Every structure is written in structure tokens, then in C-alpha cells.
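Model the placement of chain B on the given structure of chain A, informed by the hints.
As they're listed, the protein sequences go chains A and B. So the first sequence is numbered by this note's numbering: it starts at 1 and just counts up by one. So the second sequence is numbered by this note's numbering: it starts at 1001 and just counts up by one.
Check before you lean on any hint, since a few could be wrong.
From chain B, some residues computed to sit far from chain A (all C-beta separations above 12 angstroms) [unchecked claim]:
#1 Gln1022
#2 Gly1118
#3 Ala1129
#4 Met1203
#5 Glu1229
Quick list of the computed label-pair ranges, beta carbon to beta carbon [said to hold, decoys possible]:
#6 Lys1280(B) / Ser351(A): 42 to 52 angstroms
#7 Asp553(A) / Glu1089(B): 28 to 38 angstroms
#8 Glu1089(B) / Lys578(A): 53 to 63 angstroms
#9 Phe549(A) / Gly1120(B): 22 to 32 angstroms
#10 Gly481(A) / Glu1059(B): 50 to 60 angstroms
Derived by calculation from the structure, the hints in this document are not laboratory data. Here the structure is a predicted model, which means the values were calculated and not measured. Here a beta-carbon is modelled for each residue, glycine too, at the ideal position from N, C-alpha and C.
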Amino acid sequence: MRYPTFTLPFTIGLSFVLLYILVIWTIWIVRLSRREQKIVWKRLFTLRTIKAIWESFREGLLHHNIYKKNAVLGFMHMGLAFGWFMLIVLGNFEARLYPHGVINPPYYPIFFEFFRHDLTPLHEYEEIFTFLMDFFLLLVMTSIGLAFFKRFRSRALGMRRTTKHILIDRVAITALWFIFPLRLFAESVTAGLYNTGHFFTNFLGQWVIYNLPLDYLYYPAWWAYSISLGVFFIALPFSRYMHIPTEILLIFLRKYGVKEKNNHSTFTTIELNACSRCGICIDACQLSTTLNISDTQPAYFLRDLRYSKPNERLRETCMLCMRCLDACPVGIEVTQIRKNERNEFPLFGTSNYDYLSEHKYPKAKVAYFAGCMGHLTPSVIKSTLALFDEAGVDYTFIDKDGSICCGRPLQQNGQVDAAKQLIDKNNTIINETNADVLVTSCPICASEFKHNYRLNMPVLHHSQFLNDLAKQHKLTFKNTGEKIIYHDPCELSRGLGITKEPRELLKNSFILEENKKNTGEKSLCCGGSLGITNTSLPQKMAIASDAVFQLYDGKTNLLATACPMCKKTLAMAQETVKVLDIAEVMLNNLEPKKKKVQSQKEPAEAEVLS
Amino acid sequence: MKEVAIIGGGVTGLEAANKLAQLGYTVTIFEREKTPGGHVAQWDRLFPNRRNSMEVVNEFKSHLNGNPAIFLSTAIDKISRKGARFTLEAKGKSFDADAVLIATGFELFPAEKKEEYGYGIYDNVITSAELEAMFKEHGYPVTKSGKQPQRIAFIHCVGSRDEKVSRPYCSKVCCVTAVKQSIEVKEAIPSAEIYCLYMDLRMFGPGYEDLYKEAQQKGVNFLRGRLSETSELEDGRVLIKTEDTLSAKPLKMSVDLVVLMVGMSPAEGTSELIAGLDLKPNKDGFVEIIDQHINPVKTKAEGIFTAGACTGPNNITDSVNAARSAAIEIHQYLSSK
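The following block holds chain A by itself, in its conformation from the complex (with noise of 0.2 angstroms):
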């Protein structure tokens, strides 16, 4: 047989991208780190692999962290993946089935149906063949017109916003909605010339188009169809559709611990090469829905990374909540790549914390840390510590007096040598306590003392210790029959994984209102973030006021939270409902059993310092 030309342009655009990953992957992993290397080798022949080649199977192919989000979006995805994959796996089957000579090259099977009008050498399988691949092009062409639709109407897909694409992504994503409409037209030629296909195809060929002059097209289709598949693999490596090789790779570097560091690495080349830009965390961000900034959610900001560098606005405007980490169907660490980012431009002067002092607390069971926003919120402090007494908890107050921040703020702003000096500062005061157990009131602190600092004791939030508390009935509730709402703070639920000990702990005295919707790891922020300083107050104010309301149903006006921080943004941004701490709503429901135990605190002597 002569060779066919109109192969070439899919065999050029073939060859050109599987040798493109093939270097790239080389490069990648050549790259990565010696400790990187070292983990991903030592796991290679273990459990992980398994289940990375499932894990690629379910998300490369069926798309089922989406369609678990948005089951039209999930069908959408998966019709067009698993539905182009069975196509090409049958294919091959089909034509490694038929009887044919030494050489089998790769168009062989793409283009069968060009090559091969009479199946029946298939004997028994021509009909079984025939029908599947009919089916899954329906399959791919049902997701094709969905995807075309949700391009022009993506509510009707469940998407408040699609992604804007730049220049390689509209080329590439233009030849894929070709690749398939003009391979069923292809295929329909040929159907309507030689009665192949089965009901999709030959029903086109012989009944729909047969009209046409179909001698004339059936050249031209095979190539068209052969040039759209040869654009768009060239294009592939440059676009969004990178994400296809670059997810398989990333779910196995993850399932073998590789993960992203306080830096950009290599790792974050592959992240970002692994970004589809599908664009369900522009819906996910509360910039978007409330204040309609969106045009600097991750999907974005991902994009300029790959290919240069995002400018300020788009660096800046985050709250750093983690919702769209929730929402991200590749699990890609957005948030810790935009404070990596940030590192390299930190926000406001380097400052002097010479005056930090370190101050001594006598020695208890319990260390109890305040935190930055917990003393601006004198009540939250006030009540747990009334909740600590009554429960004859030997603690200490080791904020009292020498609050140290976190390091928090500073990390979000790119200040990391200075949040150092404050974590070093904070780690020695709080390990010299020698405590059994840190409780702190403030979410962000906690998360802080968990992932950042090098501590000698387990770190508690109030809400799970005082749950213990109640859980060893050092404390009891008046259950008032009362409903609540429970607003999950970020640090507290995506940040920590808290969400049931709140809950605990309130059903001891309330009937707890769910919003399914917004609670959990799926909770709303409260827009009070400190990871974002370029909002006005009134745009925080419309967030936290937004966030209120999508979990007010009508029936309680009291909201307890777990963060002081979300509390005072709440409570500023809005009349409806009464805004209070879990502590503070505990202690209002406190059943007295005993006298009030002497208070363990010391008294401070503290001076005018100048």
C-alpha cells in the first residue's frame, strides 16, 4: 500500500508531542530534588503505584472528583476523556483483530475505517466492534456539544464562570472540538459509501447525508480530520491540555509523597503544567461571587505563573481561604504556591522586634495561648478562661501580658524572615511552659503551631479541648432547645480538618441549623482575612455580610463561631444575626455544679515600660 499522506499531519503532530513528554518528563524528574528522587524510588515498588494508576484511571478518565461536584460538568469531562480513550484502546483492538501484514503504524488504527470497508474478516466481533465505537463517539460528541454549550451558557452546566482563555489555549481547544465532529463526518462519508459503521455513523452515511457528493468529500474529511488531531497535539504541550500527560505524572509523584515546599520547585513546574484551567475555582472564590473580581482566581494566576509572572493584582488578590483548594478537581496546592509567590515580594518594611521580651509563667498542665486576635476580643478570652476555672483546669495564660504574633500575617505577606523571629521567640515560651497540651483560641495560631513550629506538646483549639471537657463531664450545658447556627472558620475547617468538636460541643446546649452547601470543608470565609491587603473594608464587609447570609435560614438569630477573627468580622458586617464565640455561647449555658474554684491566674504587675 502507498503511504497515505493525509496520515502526516497527525503523524508529525503525534511523534512531535510524545517526544515532547517524553523530554519533559525526563527534565522534571531529572530535577527534582535529591530527597524527592530518593522517596519517589523507595516507593516505586510498593502499594502507592497501585493506587496512583487507579487514582489516574478514576481522575485522569472518569473525571470523579468533578463529577462528584457537578455531575453534568463530571459527565461533561468524562465523555470526552474515557469516551476518546475506549476509542482509541478499541481501535487498536480492532485493528490488531484484522488480519493485516508485518507492519502496524500508529494512524493504522486511528484511521481504520478509512483503510478497512469490509469487517467481516472480524468474523464474530465486526458487530460488537462496530457498535462501541459508534458509541463512544456519541459519547464524545454528547460531551463535545455540552462543552461547546457551557462555552456560551455555563449556568446551564451548573458554572456561574468560565474560564477566559488566552491565544494557545482558544487553538487548541478549537481543533479538539473539531477533532471529533470531523472524525463522525469522516466516518459517515465512508458509511454512506460503503455501508460501513454501525447505528450512529452508517444511520448518518446512508441516511442523512447520502444526498451529498460524497466521492468528492471522502479525501477531504480523512484529511481534515487528520489535520485537526495534528494541530491539536502540536498545540497540546504549549495549552491547557498539558494538564492531560502532567495530572498522571502528578498523581504519582503525590501518592509518593512529593509535595509542594517553602519554595517554588520543580514540583510546582509540574503543578502548574498540570492546571486545566477548567475554572471551577473562579465559581469556588467568594471574590468572585460576592465582589465580582474574576479574573484573579487560580486558575488564572496558575497560567501567568507557567508562563511568566503574574502581576501584582493577580499575586495579591487572594484571602488565602483555601476554598478553591477544597474546590480544585487535581488537588493542585494553590494556596502554598501564591504564599511561595509572595515570598519573593514582601508587602510592607522589615521590622525591628528587638523589644520582644521573653516572659515567665508558672508551670501548669495546660498552655493556654490567646493569640493576637483572641486579645482583640476580650470576651472569647474571658469566657474560656471562666470555662477553664469552673472546670478546675490547672492552666496558664501564656500570652497574657507578652503577646507574640504567630508569624501568620508576616508569612501571608511575604515577610518570612521576620514571622521567623516571632516563631522562634514563640516556640521557646511556649516549650519552657513544659505543658502537657497548648490550647489556643484562634484558629490561625493553632494551624500556625502545627505546621510551622517545632513544639513539644500536642496543640489544641478551645472548641476540641472544651468539647473534652464536656465529653469528661468537667462541664455541663443547660440543652435550652435553642436552634444555632455554626459558621466553620477556615483555619479551623480546611486548615485543620475541625468540624466535628464544635458541633460537639454546641448539641450539648443547641439544635444545630446545617447548611450543607456552605459548612464543613466547604465553608464560606469570612472575609476578614489578613492574606489580603487589597480589598476596601466595605468589599470585606460584603463578603462577611454574603457569608452570614448564606448560612441564615431564618430560623435562629445567634451564630456561634470558633475564630475571633471570623466572630469580629461577622459581627461588624451585619445586624441579622448575633455573632458570638463558642466559648461564649457555652459559658451562657453553663450549669454551675460547684462552687467557682479560686481562679489559678497570678497576678501581673505590669509597668509603665517606655
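Chain B only, in chain A's frame:
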């Protein structure tokens, strides 16, 4: 005889009523509190000369002799336009008027909104108004336990110039009030140490700067820095933290009493009241005037006038001037009808 209704019986409402009655109108004041005189009547002494505030209130009150008439404990629920006249509803009754003067005054900033200052949480954190009440009652301040405080901090700008509590504007009178009160405390308790934590000191009126100088001479300490947070010590004293921004050093001290210089907030209910007349409050929530240079007592609604602290923070002088200005405007308006 044409009728004028005045909403609010503070110094502004009283003085406008007095002038309008002199001009020959039938004037009725509606005051929601039990006594006339507004906030001035709650104060002990006035800046800058520290005269007894009741002297001023009684002077304005002395004209209440049937015309102007005053209804106390009478809050207006609604004002509506009825042809060329207005109908005011209160306590289920309605009153008609040819012109209305809005003189609803202000409200003290609710200090508990600034939770980090500890008002309502700690016993020895009080407002400037509560300090005046103490002066009225025993002539000197006392702590919760009834002792004379030996170290007192005055916190300026509480609910003023603070975007975080949606009060971006300056309340004008709190600086000089703090200076006046600090001198009074010093005179009542000569051994007391007094600190004023300020941002700027806005001594804009005649005699105010002199008062500031007097305070310095009497040993009041002025620290430039906003209060960051407070906590309570075992003995009931309050630990306050701030930054001395002139020496760029963080600073903390324990004090016996914290006095929050609460600013002026828009009076509750006023914006709802004027909404019925298609009037919107200005961006700070006060009654909007047509032109702050050329016509500071007219509103966009014909026949509705406004004066005093309901248009924004004012001292007594400015309020009384505005009251008289409004009386003339109302007179011109009614004469031309």
C-alpha cells in the same frame, strides 16, 4: 398662624423653637426623652470654660411657655407630606405643621462595638459620658470598687476616624472634652497620673488650645498612639497596650480606670424617619444638607429643615448658630408661601 414642628428638644431644637416663636409662629417640639436638653443636660461641665451645663440648658429651657410647646417622651414615628403641609405621627396621634425642623441630634458611639477596648467586658472601662455622670454624682471619678483611681487613661477617637467601625469621620469635640475631663480629674484627685492616648489633638475652637496648654501644665501626659488592646488584671485594673508612635516603641501600662472618648454617631431612627420624605442620609449616616457652604440648614425636601448634630458632629456653638440660621430660613420659607 403658621405652625412649625421641631423634632428633638436638645439645645438646637430649644433655641430654634425660641426664635421661631419670637417670629410669630406656633411651634411644637417633640422630644423622645423624658427631659429636654439632650446630651448637654447629661453633661456636668462644658468646655472650654467648664461652666455648669445646666446653666446653658436652663437658659434655653426658660422660653418654654406654651409657645413654644414641648411634648416629652414623644417619639415621632412618621412624617408625611400632605399637600403643602406635613403630618407627624406619634403615639397614635397625628400633628400637622407647615414646616418641619429635624434636630434629632446624635447618639454616643456604642463603645462595645470596639470589643478590644473591653467596654462592657471589664469593670473599669467607662465612657466619657459615664465620667460626666460620676462628676455630677460625686464630683470625682470612682473605680468599680468605689475607690478613687490613681492612674487614668483617656482613649481618644473611640468610634471616630475609625473605618473598622464604619465611623471614618472626626467627631470634633472629643479631643477638647478629654482635655477638659483630664484637668477636672487632676483637680479632683491631684495625686492621679493621667494619660491621654491620642492620634492628633484637634483644638479648633476659641479657648481650646489654652485648655490643652493648661492640661500639660497640670501634668497630664499626652501619648501619641491608638489603643491596641486591653486586658483585665486580677485586682480589677486594666492593662492597656499601645505604641508610643513618637518614640516608635510599644508600650503597656496598668491603669485603674480607662475612659473611652466616644464619638458622635447618627441618632437611631433618624434615617428611617427622613426616608418617608425621600431624604437619604449622607455617607456617614447623618442628615444630608443641600450645601455645606451656602445653605447648611436646608434639605432636598421643600419645607424640611435641619440643624445641629443630626447633620454631623457639632459643638454647642455651632448647633445654636445652626438653630438660629434654620429659624430664619423657615421664616423666609413660610413668609413666601
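We went through each hint and held it up to the structure:
Gln1022(B), annotated as away from the interface, keeps every beta carbon of chain A farther than 12 angstroms; the closest lies near 43 angstroms. Separation of Gly1118(B) from chain A is inadequate, the least Cβ-Cβ distance of about 5 angstroms not exceeding the 12 angstroms criterion. Non-interface call for Ala1129(B) relative to chain A: holds, since the shortest CB-CB distance, roughly 21 angstroms, exceeds 12 angstroms. The Cβ of Met1203(B) sits about 25 angstroms from the closest Cβ of chain A, beyond the 12 angstroms cut-off, so the non-interface label holds.
Under the 12 angstroms C-beta cut-off, the non-interface status given to Glu1229(B) relative to chain A is violated; the minimum distance is some 4 angstroms. Range check, Lys1280(B) to Ser351(A): about 44 angstroms between beta-carbon atoms, so the 42 to 52 angstroms window is met. For Asp553(A) and Glu1089(B), the hinted distance range of 28 to 38 angstroms is satisfied, since their beta carbons lie about 35 angstroms from each other. Here the CB-CB span from Glu1089(B) to Lys578(A) is close to 31 angstroms, at odds with the stated 53 to 63 angstroms.
Under the hint 22 to 32 angstroms, the C-beta atoms of Phe549(A) and Gly1120(B), about 27 angstroms apart, fit the expected range. Distance hint for Gly481(A) and Glu1059(B): a CB-CB separation of about 57 angstroms, consistent with the stated range 50 to 60 angstroms.
Taken one by one, the earlier hints fail for this structure at numbers 2, 5 and 8, listed in ascending order.
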